[in-house]
Amino acid sequence: MTNPSKIITLVILLSCLPLPALKAQDLTVPDDVLASQAQRIAAIKKASASTVMVFANEGKGGGSGVLISPDGYALSNYHVVQPAGTAMKCAINDGKLYDAILVSIDPVGDVALIKLLGRDDFPFAKLEDSDKVRVGDWCFAVGNPFLLATDFNPTVTYGIVSGVHRYQYPAGTLLEYADCIQTDASINPGNSGGPLFNERGDLIGINGRGSFEKRGRVNVGVGYAISINQIKHFMGFLRSGRILDHATLGATVSTDENGNVVVTNIAESSDAYRRGLRYGDQLLSFGGRNISTVNGFKNVLGIYPRGWRVPISFLHEGDRFDTFVRLTGVHSPEELLARVQPNRQQPEGKPMPEGQPAPPAPKEPALQLPDVVKPFFTARRGFANYHFNKLNQDRIWDTYVNQTKPESIKGDWTLRGQLGNLGNASIVLSKTRVDAELPQGKAFAVLDNDLGQQEAPRGSGGLLVALHLWKHIQQTGIGRFGDVYYLGSMPTPKQDEKQDVLVATHSVIECRFYFSPSTGLLTSMEMYPDLGVDPCEIYFSEYESINGRMLPRHLEIIHGDTVYGELLLKDFEFNSNGGTE
Amino acid sequence: MHRLFLALFFFLAGIINLTQAADFSVISAGVQPKMVKVYGAGGLRGLEGYQSGFLISDQGHILTVWSYVLDTDYITVTLDDGRKFEGEIVGADPRLEVAVLKIDTDGLEHFKLGASVGVKPGARILAFSNLFKIATGDEPSSVLHGIVAATTPLNARRGAFKTTYKGTVHILDAITNNPGAAGGALTTRNGELAGLLGKELRNSQNGTWLNYAVPISELIPAIEDIIAGRTRPRSFDEDVIRPDEPHTLKTLGIRMVPDVLAKTPPFVDSVAASSEAEKQGIRPDDLILYINDRRVDSCATLRSELELIDQIDNVILVVQRGDELVEIVLQGE
Numbered sequence: 001m002t003n004p005s006k007i008i009t010l011v012i013l014l015s016c017l018p019l020p021a022l023k024a025q026d027l028t029v030p031d032d033v034l035a036s037q038a039q040r041i042a043a044i045k046k047a048s049a050s051t052v053m054v055f056a057n058e059g060k061g062g063g064s065g066v067l068i069s070p071d072g073y074a075l076s077n078y079h080v081v082q083p084a085g086t087a088m089k090c091a092i093n094d095g096k097l098y099d100a101i102l103v104s105i106d107p108v109g110d111v112a113l114i115k116l117l118g119r120d121d122f123p124f125a126k127l128e129d130s131d132k133v134r135v136g137d138w139c140f141a142v143g144n145p146f147l148l149a150t151d152f153n154p155t156v157t158y159g160i161v162s163g164v165h166r167y168q169y170p171a172g173t174l175l176e177y178a179d180c181i182q183t184d185a186s187i188n189p190g191n192s193g194g195p196l197f198n199e200r201g202d203l204i205g206i207n208g209r210g211s212f213e214k215r216g217r218v219n220v221g222v223g224y225a226i227s228i229n230q231i232k233h234f235m236g237f238l239r240s241g242r243i244l245d246h247a248t249l250g251a252t253v254s255t256d257e258n259g260n261v262v263v264t265n266i267a268e269s270s271d272a273y274r275r276g277l278r279y280g281d282q283l284l285s286f287g288g289r290n291i292s293t294v295n296g297f298k299n300v301l302g303i304y305p306r307g308w309r310v311p312i313s314f315l316h317e318g319d320r321f322d323t324f325v326r327l328t329g330v331h332s333p334e335e336l337l338a339r340v341q342p343n344r345q346q347p348e349g350k351p352m353p354e355g356q357p358a359p360p361a362p363k364e365p366a367l368q369l370p371d372v373v374k375p376f377f378t379a380r381r382g383f384a385n386y387h388f389n390k391l392n393q394d395r396i397w398d399t400y401v402n403q404t405k406p407e408s409i410k411g412d413w414t415l416r417g418q419l420g421n422l423g424n425a426s427i428v429l430s431k432t433r434v435d436a437e438l439p440q441g442k443a444f445a446v447l448d449n450d451l452g453q454q455e456a457p458r459g460s461g462g463l464l465v466a467l468h469l470w471k472h473i474q475q476t477g478i479g480r481f482g483d484v485y486y487l488g489s490m491p492t493p494k495q496d497e498k499q500d501v502l503v504a505t506h507s508v509i510e511c512r513f514y515f516s517p518s519t520g521l522l523t524s525m526e527m528y529p530d531l532g533v534d535p536c537e538i539y540f541s542e543y544e545s546i547n548g549r550m551l552p553r554h555l556e557i558i559h560g561d562t563v564y565g566e567l568l569l570k571d572f573e574f575n576s577n578g579g580t581e
Numbered sequence: 582m583h584r585l586f587l588a589l590f591f592f593l594a595g596i597i598n599l600t601q602a603a604d605f606s607v608i609s610a611g612v613q614p615k616m617v618k619v620y621g622a623g624g625l626r627g628l629e630g631y632q633s634g635f636l637i638s639d640q641g642h643i644l645t646v647w648s649y650v651l652d653t654d655y656i657t658v659t660l661d662d663g664r665k666f667e668g669e670i671v672g673a674d675p676r677l678e679v680a681v682l683k684i685d686t687d688g689l690e691h692f693k694l695g696a697s698v699g700v701k702p703g704a705r706i707l708a709f710s711n712l713f714k715i716a717t718g719d720e721p722s723s724v725l726h727g728i729v730a731a732t733t734p735l736n737a738r739r740g741a742f743k744t745t746y747k748g749t750v751h752i753l754d755a756i757t758n759n760p761g762a763a764g765g766a767l768t769t770r771n772g773e774l775a776g777l778l779g780k781e782l783r784n785s786q787n788g789t790w791l792n793y794a795v796p797i798s799e800l801i802p803a804i805e806d807i808i809a810g811r812t813r814p815r816s817f818d819e820d821v822i823r824p825d826e827p828h829t830l831k832t833l834g835i836r837m838v839p840d841v842l843a844k845t846p847p848f849v850d851s852v853a854a855s856s857e858a859e860k861q862g863i864r865p866d867d868l869i870l871y872i873n874d875r876r877v878d879s880c881a882t883l884r885s886e887l888e889l890i891d892q893i894d895n896v897i898l899v900v901q902r903g904d905e906l907v908e909i910v911l912q913g914e
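So the protein sequences, as listed, match chains U and X. Counting in the numbering used here, the first sequence runs from 1 upward without gaps. Counting in the numbering used here, the second sequence runs from 582 upward without gaps.
These aren't lab readings, by the way, just hints derived from the structure by calculation. Mixed in with the good hints there might be a few duds.
As the list claims (entries may be wrong) - Restraint-style ranges between C-beta atoms, simulated for each label pair:
(1) Ile41/U to Ser798/X: 35 to 41 Å
(2) Lys665/X to Gly280/U: 18 to 24 Å
(3) Lys665/X to Lys45/U: 47 to 53 Å
As the list claims (entries may be wrong) - For lysine-lysine, the following DSSO-like pairs were computed, each having C-alpha atoms within a straight-line distance of at most 30 Å:
(4) Lys298/U to Lys665/X
(5) Lys46/U to Lys132/U
(6) Lys471/U to Lys494/U
(7) Lys714/X to Lys232/U
(8) Lys132/U to Lys665/X
(9) Lys747/X to Lys693/X
(10) Lys683/X to Lys665/X
(11) Lys405/U to Lys471/U
(12) Lys683/X to Lys714/X
(13) Lys298/U to Lys714/X
(14) Lys298/U to Lys132/U
(15) Lys714/X to Lys132/U
(16) Lys410/U to Lys471/U
(17) Lys60/U to Lys96/U
(18) Lys405/U to Lys494/U
Where a beta carbon is used, it is the ideal one built from N, C-alpha and C, also for glycine.
Please build the complete structure, drawing on both the sequences and the hints.
The following block contains the structure:
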């Protein structure tokens, strides 16, 4: 009546377990134990469904990944997808193999976004708040260690969180792991790119690295996962199809004899310098975290993309300063390109610094892409996959234009209102000039001269040119304005919600347009007359529907640390006949 | 049927064991303030200049492993809160491969040696250490989890492991045998101190690394002797009684290496023919570690200690010969 083999199996199982001294009458299992067991089973089941097994084409290795959206976006490591190239095969535990396409890479952070094709109902992981993870928490990794999952069933390894907010120096020149999660769950080759889950089966990190030193390349109890909160910062950027860079403050710090973190070097061209940070100043907080160690500082730097504005507090000659600082890139774009694609023939063309026009690349001949992925790939110099950049440009612009219908207003614009409580203001935007009558006096900009030289009115950083470009991009659309690309999303000092950013360059003037993802409206713009100077910032708010068009009633103009003024618009006059044309 | 029932019962009981574990994040937070990071000599590849340790008294005593890292006049101890102190070696027992350091502060959270507990095979454990020097400053030590896989004497495979310690160890399934982990704390799942994470140890025959910890109970007498000053050279005290006719190196037949450094390691250079030293088997290159249970760290200390031993008394030396520790008794006259 009993199957002897079952008994043997159980006895073998037994020998693996500690033998508690329990009496036979204690046999009933407490409900909370059963509940806990059921929770673990459910967590592993849920987590395994979203785990991706990556197989590079032509047997060029592979690794792991994790789905984060029903339409197939999945996270992995840069070092996993890099040998695979643009297209790869991905399996999930529904037993099917899917074609996948590279979206973006973050070579410094060792993150890649790919997209699995063929479904819009993929199982996907819930992104947890990884700052809540504590040392000692149970966690588990799911993935494809040693590429064992040829049956498309991933391997699960259980452990605890051994450390949080760990900083691991760059391996080689790239691949810095900042603010990462350390675990003793076994992370082995092939786990790379795969998910680390908390005990509820929600995503807290992307596994990708371990400490080995003289121990060979198998797990020795120390694995690291990129925190999912870092990836959340990069998420908009990862959707952009670009090759992403990490950030630098333009300053280096070290610990002084009192244990304070102080500035030991600062570039005069950096935004930090313009915000008043100087040699010897003590860093108090950065990115909302108190800074007590150099590693702590590097942890904060490592979790933000290039270009973000991050709050910073420092002591300068005894006075405390609280401000926002723009982070610049670690690498020049060309340097980054050379590092990530050293063997790939780059399409001819000038270097593409962020914000400079990128010449469209000739289609790479090397596209032996499967037919199914071809529609999802566009080659362009400086991009991992331009297709996804265009997708986002169109998404943002179409949503905006639907509400503002600016392209129907081809002529001159006249804006009338008040500049704060200083008095009346009117600004006429025509094709060749901008003329303003302001309480402080008249100001103008001539548009066939060098736009970068015209910073009128004084103290605004170039408000008139900025307003012209605001009007111009609305009249031409993003297709004819100049070079436009989708940067990603980031908060601004006035919006906690991450705003979608279009970078648009017209006559070598770089503008950044920030759009609210919830309303689709333009919330701010920055106009850079030149690299290395503070932009003119305009924050648009109090949108109202006027004749079927959403228009902002309130414009706040900021230059550097100074608020130039608030423009309250009472009247918009559009010469829709294009009179000056 | 009965057997199946029993097996099922133990299986479920095992699950109970797993699920009743305390909240490790709370336990970890309680242990961290007792952990320290130790920095000293080394820094070359394969010879890391760091290890782990933990506080064992409110006087700033720290237990760690005896290793080359401590072979310097500048030992830095970083507390969990990031404060840095100079560590002074109170004493060491090379036979057990432990050392006690002291820092000049008091009132710190610490493990009470008297409250340390034993663990048996199957017990769930946590291992705290600064392996791979992952943590710096006020960053917390790393914590690994696992179980005690076995408790066994380390000399079971004679010649396989190059270690002077031959006593009982807990073999762990947590991978503690990593650079810098030595000197870390093995605790129960409730954070009670159970052992000292051992030095890196590799089986010379098959190349595998051993994850182990020395039970605290094996170390307590030695630690107490060190803290009480019972291993401290007597010659360090000024009011010590000096015999009229003490032993000398010459009468024993031992010649040490030339004393050219501030602390010349007490290596035997040569042994006089038909001397007591030769008769009892002292050999050139022996490193003298103890003389009559007093720790010797230099040729000068060795001479000073000999001056305190009357010629009629025996001299008991503990020497390190390769990886072995040898005790040699030189007869008094």
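Do the hints match the structure? See the list:
1. Under the hint 35 to 41 Å, the C-beta atoms of Ile41/U and Ser798/X, about 40 Å apart, fit the expected range.
2. Distance hint check: the CB atoms of Lys665/X and Gly280/U are about 22 Å apart, consistent with the given range 18 to 24 Å.
3. A C-beta distance of roughly 48 Å is found between Lys665/X and Lys45/U, which places it inside the suggested range of 47 to 53 Å.
4. Between Lys298/U and Lys665/X the CA atoms are separated by roughly 21 Å; this keeps the pair inside 30 Å, and the hint holds.
5. Between the alpha carbons of Lys46/U and Lys132/U the distance comes to roughly 21 Å, so the proposed pair stays at or under 30 Å and holds.
6. A hinted pair counts as satisfied when its Cα atoms are at most 30 Å apart, and Lys471/U with Lys494/U qualifies at roughly 22 Å.
7. Of the supplied pair hints, the one linking Lys714/X and Lys232/U holds, its CA atoms being roughly 28 Å apart against a limit of 30 Å.
8. Proximity of Lys132/U to Lys665/X is assessed by CA-CA distance (about 29 Å); at most 30 Å being required, the pair is judged to hold.
9. Taking the CA atoms of Lys747/X and Lys693/X, the gap is about 25 Å. The hint holds against a cut of 30 Å.
10. At roughly 12 Å between alpha-carbon atoms, Lys683/X and Lys665/X fall within 30 Å of each other, so this suggested pair holds.
11. Annotation: proposed proximity of Lys405/U to Lys471/U holds, straight-line Cα distance about 12 Å (limit 30 Å).
12. Only pairs whose Cα atoms come within 30 Å are accepted, and Lys683/X paired with Lys714/X is accepted, the gap being roughly 21 Å.
13. Using a Cα cut-off of 30 Å, the hinted pair Lys298/U and Lys714/X holds, with the two alpha carbons roughly 17 Å apart.
14. Proposed proximity of Lys298/U and Lys132/U is supported: the alpha carbons are some 20 Å apart, at most 30 Å.
15. Distance restraint check for Lys714/X and Lys132/U: the Cα-Cα separation of roughly 24 Å lies within the 30 Å cut-off, and the hinted pair is therefore satisfied.
16. Proximity of Lys410/U to Lys471/U is assessed by CA-CA distance (about 9 Å); at most 30 Å being required, the pair is judged to hold.
17. Restraint check for Lys60/U and Lys96/U: the C-alpha separation of about 20 Å stays at or below 30 Å, so the hint holds.
18. Between Lys405/U and Lys494/U the CA atoms are separated by roughly 26 Å; this keeps the pair inside 30 Å, and the hint holds.
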